[in-house]
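S.K.: Sequence:
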Amino acid sequence: MRELNVVISGFDHYDGVDVNPAIEVPKAIAEQGLGPASSPDDPLDQVEVTIHVVSIPVSFAKAWPTLKETIEATRPDIVIATGLKHSARGVMLERCATNLMDTAKPDADNVTPRREPIDPDGPAAYWTRLPLRSILNDFADDSIPATLSSDAGTFVCNSLFYNLLNWTATQERVLGGFVSFPLVGPAHSSQNGLPLEQQIAAGRDVVREAVRYYLKPSSSDILIA
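Each residue of the sequence shown is one higher than the one before, starting from 1 at the first, in full-length UniProt numbering.
If you are wondering where the hints come from, they were derived from the structure by calculation, not from laboratory data.
Among the hints, erroneous ones may be present.
Here are the computed lysine-lysine pairs in the DSS-like style, where the Cα-Cα straight-line distance is at most 25 angstroms [unchecked claim]: (1) 27 to 68; (2) 62 to 105; (3) 27 to 62.
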């Protein structure tokens, strides 16, 4: 049976957030697994997936080195970074990472970069390498509120996303992308957020579709615009 390594990262702390889905979702997926294949023809039926989880500091200087250390130790085929977007009403699939750090609020190291490039020699942006169309289809089947996000902002989430895709661009075949989770909240609430179990199901859908796409790539799975 073929083996695949998947790294899922989440940021370790957000001020004022008691239940952080960017920690709880990756941890739950690693503990519970991806679940059974949907059919004997499902590519998931022919692969053993090992999930590695890493907690990332909300730091411009430390986020990517922390993730890269885990990448170098595990040699993953797929890397999925996750974060928290306070204003989101559902799961947000990030399409684009931009080469920009620009924030008025400090990171965990009390650093506030303004209008600085992440990599002065890098391209202006990278597109995700995850199969967004297939993921959205799974979300619809599972009644998970979700949307496409044009970019991951200009804070640490975007910086990590950009550095990840900058690294995957040098690899022969590694998928990488970023998913923003909303706050954890009650079902059917008018406020922002989703129940944690629903967010775990969403994270599992992301990993399952990324694995399927890795094994059997198809242009119909990709959705950028």
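S.K.: Given the hinted pair residue 27 and residue 68, is their Cα-Cα distance within 25 angstroms?
M.R.: Roughly 19 angstroms between the alpha carbons, so the hint for residue 27 and residue 68 holds.
S.K.: Holds or violated: are the alpha carbons of residue 62 and residue 105 at most 25 angstroms from each other?
M.R.: 17 angstroms, holds
S.K.: Next pair to validate is residue 27 with residue 62; report whether the Cα-Cα distance is within 25 angstroms.
M.R.: 21 angstroms, holds
Hint compliance for this structure: every hint is met.
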